[in-house]
Amino acid sequence: MLRIAIALLLGGAFLCPLAVADETPRCATAGEWSLCTVQPFPRQGEPCLVKITREGLPAAGIAVSVTYRPNSEVAITEEIGRTDARGELSWTPRSAGIGMLAAEGCDLTVSIRFRGIPIGGLVVMLLAAMILFGGNSYSFAKTFGRA
Amino acid sequence: MVENGDARGQWKSHLGFILAASGSAIGLGNIVFFSANAYKFGGGAFYLPYFIALFAIGIPVMILEFGLGNHTGLAFPLALRKTVGKGGEYLGWFAIINATFICMYYITILAWVLGMFLGSIFGGLWRPSVAVPAFGLADGDLPNPYAFFFNMLSSWWVLILVAVVWLANVYFVRRGARTIEATVKVCVPMMWLFMMVLLIRGVTLENGVQGLFGLFTPNFEVMKNLDVWQGAFSQIFFTLSLGFGIMCAYASYLPRNSDQTNNALMTSFLNCGFEYIAGVAIFTILFATALIPRASTLSMMFFIIPTGIQQMPGGHPMVLAFGILFFILLLAAGLSSSISLVEAFSSALIDKFRADRKKVLVWAFFVGVAGSLLFAIPQVIDQTLTDDGTLGFTLLDLVDHWAFSHGLLVVGLIECLLIGWVYGVGKIRRTINEYSKYRLPRAFDWMIKVVIPLLIAGVLIFSIIDQLRDPAGLYGSSYTANYSVDWGWLRALPLFAFCLWIVAATGGAALLTFRRGKDEDIPL
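Protein chains in written order, with the numbering used here: chain A, 1 to 147; chain B, 1001 to 1524.
For the record, the hints were derived by calculation from the structure and aren't laboratory data. All values reported here derive from a predicted model rather than from experimental measurement. Using N, Cα and C, we set each Cβ at its ideal position, and we do this for glycine too. Each hint should be verified, as a subset may be incorrect.
As the list claims (entries may be wrong) - A short, non-exhaustive set of chain B residues, derived as facing chain A with CB atoms under 10 Å: (1) His1014; (2) Ala1045; (3) Thr1217; (4) Asn1219; (5) Val1228; (6) Asn1262; (7) Phe1269; (8) Ala1290; (9) Pro1293; (10) Ala1443.
Model the full structure from these sequences, guided by the hints.
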């Protein structure tokens, strides 16, 4: 019974609709203002188009800022420029992770992808897993294997 | 000592002890506090210092606490009295009272988790949006997990939930090690299984894998910030349940010939392994849904993750399934920790006064419920949510700040100094080595005597300097963060909470230390 429950739970998690690429722009609105990124998940080091509209019309000359790691102790906010006549601005994220674009009271949270696979992250992840789970398995085997 | 251990009951199996110790360490904190902290300090910039702290502080202090409990066969206060005298016992009672403060608000939070769990089963939590009449908020003003939480918080039902959670705790520790073991044998494997399911779901979400990189990719620029190191060293102390007296109490139920080094390694690795999986699961959900964790653990637990679950693909059945799963997971993790807190003070009182366990637990139930209600009632009575908080939240935040963020570190610091310099950590090391497969080197003594106290003192001093710089006074920022309006006498709340904690913990410890117990037969 327990095995069936475990199989159903794990199977259910795998069988959930897997990631489907969502290419729709992400937008946030506040009153008559709207702030969108054309790419739903911008990538670190690659330009991303930011659009600002007011009552549906392009808003020119609007200052846009970005906060990397918002709400954290290590948050960094920087101005990224002003929109052109088409209400657009090209932004190249310099850091991956959660970011927040802000303009005219509109806040848009975006998840910025890493440029490729970060080797450092992969090494830390594998090393930590090896030490924690490998160490545990070894200790368990030492203790309970003999019994 | 073993005779004493027999009278107090023992673990039925070694596995039962490991599950209980890891179950105590794995709590709500592993699931949400770790992720909130990791995000707060920059994700990958936090993980590396955290991992270093595990080996620099976590495992050595865990070995010390296991060794102390097993060496003496007594709960924390009497174990310290036996080794370092009355001063040690005083520290032990301070730790137990401090842990009791934590237990009280922890159980209030668990009652809220139970409310959210019931809400997720009966569907109220996953409706598109509901109004919050108590706070004058209309339909659609808040995302539903927020609205449901505030509705639940301001209802009298919460008080019943607090009593139910306390009753469950008392029931699970009614026969000490025996019933705790039976409980954790269900809770702990269930936690691992459910966390694995959440992990798989998280990494299969679009952009979910990015969360994995976000958690582990080191950012050396951010790591130069000392706050990150302070956060990581504090986290490892709290996550392993050190300074509560729990590990000492649990190890006191073990046979004398147990391998404490291996036990400490298994418990620490299980705890941090679970945290690893939990961190990945939560970060993948955060990155996939582009949600920003707010400042606190509570918001992560009650708002951010449920909002993330609500946004998962797969429609209502999937949201319902993962919502229920998440709250069962929190309940199991919370209960396996809270029973260890209840057991820590119950076993200490039983040891000191040779009291009947049933009587101690009945007393613990009534005092505990009263204490937990202090944190729950303000939200029910004061239904006006001014700005971002209510009186109860602020009180919880303040007590958490002193008892959890400072109390545990103070206990850990003095414990290392007393055992290291007064009793002589070498004696404990030699006893541990007698039965251990991995022999502790002499360097362990210097870790306990010098290195760890210096590290803990550094974290504490750094934190106190920060607070002295706070223009609002002793953690007054908790008040000013929640209330922009001047609430008159309530401005004194931060000072009141600090005084309540320090007077109750130090005064209570003195009272229990010098009150004559029936422990005269314990040789000093």
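(request) Tell me, in ascending order, the numbers of any earlier hints that this structure violates. (result) Of the numbered hints, just 10 does not hold.
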